[in-house]
Structures are given as structure tokens and as C-alpha cells.
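Asker: Protein chains in written order, with my numbering: chain R, -16 to 175; chain D, -16 to 175.
One thing to keep in mind: the hints can contain errors.
No distinction is drawn between identical chains; accordingly, a pair holds when it is met within one copy or between any pair of copies.
[As the list claims (entries may be wrong)] Derived SDA-like pairs (lysine to any residue); straight-line CA-CA distance at most 20 Å: (1) K99 x H88; (2) K76 x A107; (3) K76 x T11; (4) K99 x L87; (5) K76 x I173; (6) K76 x V9.
Quick caveat, the hints were computed from the structure, so don't treat them as lab data.
Single-letter residue listing:
2 protein chains.
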Amino acid sequence: MFGQIQESTDPAAVLETIWSELAVGVETGRHAFHTPALAISGRDGPSVRTVVLREADSRERLLICHTDIRSPKIALLRENPLVQWLFYDREQKTQLRISGLAELHHDDILAEQRWKSSRPGSRACYAQPLGPGEILRDSAAEAGTTMDGYGNFVVLRSRVEMIDWLYLRAGGHLRLRFDWRDGQWHAQRIAP
Amino acid sequence: MFGQIQESTDPAAVLETIWSELAVGVETGRHAFHTPALAISGRDGPSVRTVVLREADSRERLLICHTDIRSPKIALLRENPLVQWLFYDREQKTQLRISGLAELHHDDILAEQRWKSSRPGSRACYAQPLGPGEILRDSAAEAGTTMDGYGNFVVLRSRVEMIDWLYLRAGGHLRLRFDWRDGQWHAQRIAP
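Please work from the sequences and hints to get the whole structure.
Answerer: Now the structure itself:
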């Protein structure tokens, strides 16, 4: 919880709270951090969509979501793997912008491991005959499902390089920027 | 409200609902559409932040938010004015992704008009001595406010070219893509 943070709070403690809130977001469907926005740059401009946060690992600096290999964002990410995640919790008056490089894991150890631990309801999307964003022409022909969705399942893992934390506190907004450099986090107070 | 929309609903009716929900989002602080994410492409990758939706005009196809001329996104937008807005309403199970070209209005008729109609609380941000994202070094020296924030106030107005509507309905997800072409909206059903 960000509620106890003051202007005098050590940035290291803020960073710890950020990662612990992200971990709560992974586990809690109703937490605002469960469904961040993920932004990608494309030739035709930026794109951004809501994703489900599947893992947040502070030690390895990793954020993970799942996607479909047929999604248009796969091609965009292969051209330019830079991404930014946006977490916004209106109740906690907190915004996190987190930048990193995305790696795509398809049919490898990580994909297999995360596929096995995912729920049947989540898996069903990947077994649809048409990939996300494809044009629907004939509902009847497209109503079936393929045998298995695993072939379409992709783990998007990004290693965090920058965290911009903004806390819209009633007593005055607080903002810190954390940059990963030379094997450690460097914090700076910046104007909100 | 999107709750009444079925697979058989006319896309024109869906589009009308989209714009009317955006208008509700403008007026209602607690509506999820009040605080969309705005994505921009930069040299160092994409960036995305929460903004406040100030206007949604279906007739002119405009979305408006306010920003500070000292914000780093101003330089990014001057290089590449393509933006995408993301609206996500968890309660209504609805996501909107809206693409357009951003125009920046600074010290012109639109800026003046919107400044005059904005509340003192909103204006105060623009009167801070440091612009958003600037590094804070000396709290004492930076505690004052400038005379007037109007000089920093920018209206970001984008004309909508594409709307991607996704409705995560329990009975089967629905998705429609609307493209503005040749003076009218063209709708296509696409895979969710």
C-alpha cells in the first residue's frame, strides 16, 4: 500500500512497495494493477491495449503477460521490442509507468511451464480458429475451435529498465524515477 | 451502456453508444472512461500515461485532454503526432482503442477558451515552477508558484481515425473495428 509514503520516505522503501503492489496485482483479479495497459511502437503509430499481469519478479526485474502468436502486436514487437507498461490505481491515487524490452517465448520451456499452470478458461482463447484482430466473414465456419491452443500461446516477458512512480497525494503529489544502471537502481525525485 | 449490445446489434448503434459513453466519461469523475491511457511513439520507444478526458465530440470526431507545454510528451508529439487512446471499463467489460493525430493548441483561441472554463484546482498544476518530469534538486527554491499557469497550458486535441471496440461479454466476446474513410465510418467485425 502506498498510503504511508511521505516526502521523506526512502526511495528504496518506495521501490519495495511498488514491487509488492505489483505482486498483489498478479494475484488479485480486482486490483487495478491486475490489468495494466501495454504500449508498443509501430510503423503506423503507437498502440496500447489492456493485458493481464501474470507475474512480477522484483529480483529478476520481470513483468509477464500472455498473448496470442496471431496477434498483430507480435510482428510489431519483433521489429521494435521496446514496451511501456502503465498501471493506474485510482483508489490508491498511484500511477506506474514501467519501461523495458520485451522477449517473446513461444513453444519453449517458459511457454510450456506457464501454459501448464494456466487455467482452462484462459487457454480457450488460444484455441479459437481465428487470431485476434482477424476479420470475421462467416460466423458458422468460424465457430469451431482448434484441437489445442498451445501452438498459439506466447509468453511476453519484459525486463524492467525504468520505473516512473507518481503518487497523487492530497498533501502534494510525489514522483520518483528509478533507472537501472550498472547493476543497480538509481532513484531521482522529479516534478509531478 | 454497452449491456444491451448483442451480436446482431447494428454497428451504427454500437458507435453511437461508444460516443455517448465517452461523453459520460467526460462529465463523470468516477467513470472509467474519465481517465484513459494515452500512448505516444518516441525515439526511445513507446510511452503511455493516464490523462483526463476533457471532451469527446462525435460530430467532429474529437477527443481532448490538457497537458503542460514543459512535459516531455510535447517534443515527442511534435516529431510524431500519432496517438492511441485506451479506455478500459472493467465493470462494463469494455475496451476502446482509439487512434488519431494529435494537434497541440497553445495560447490560441481553443486554449484560451478551455483555460477559462477549467477549474482553479486544475489550473494550479500549470503554475508550478518546474515542469512535469524535471529533476527536483532544491525543495525550498522550488516551492513557489509562478504568476499564472496559462503560458504552460496546452490543449491536446486529436481527430479520431480508428476505433477498436471490444466487449468481453459472458456469452461470447464481441469486437468491432471502425475506420473513418471517404467521409464516413466503415465497420468490420473482427475476432476478439
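Asker: I'd like to know which numbered hints this structure contradicts. Please list them from smallest to largest.
Answerer: Of the numbered hints, all hold.
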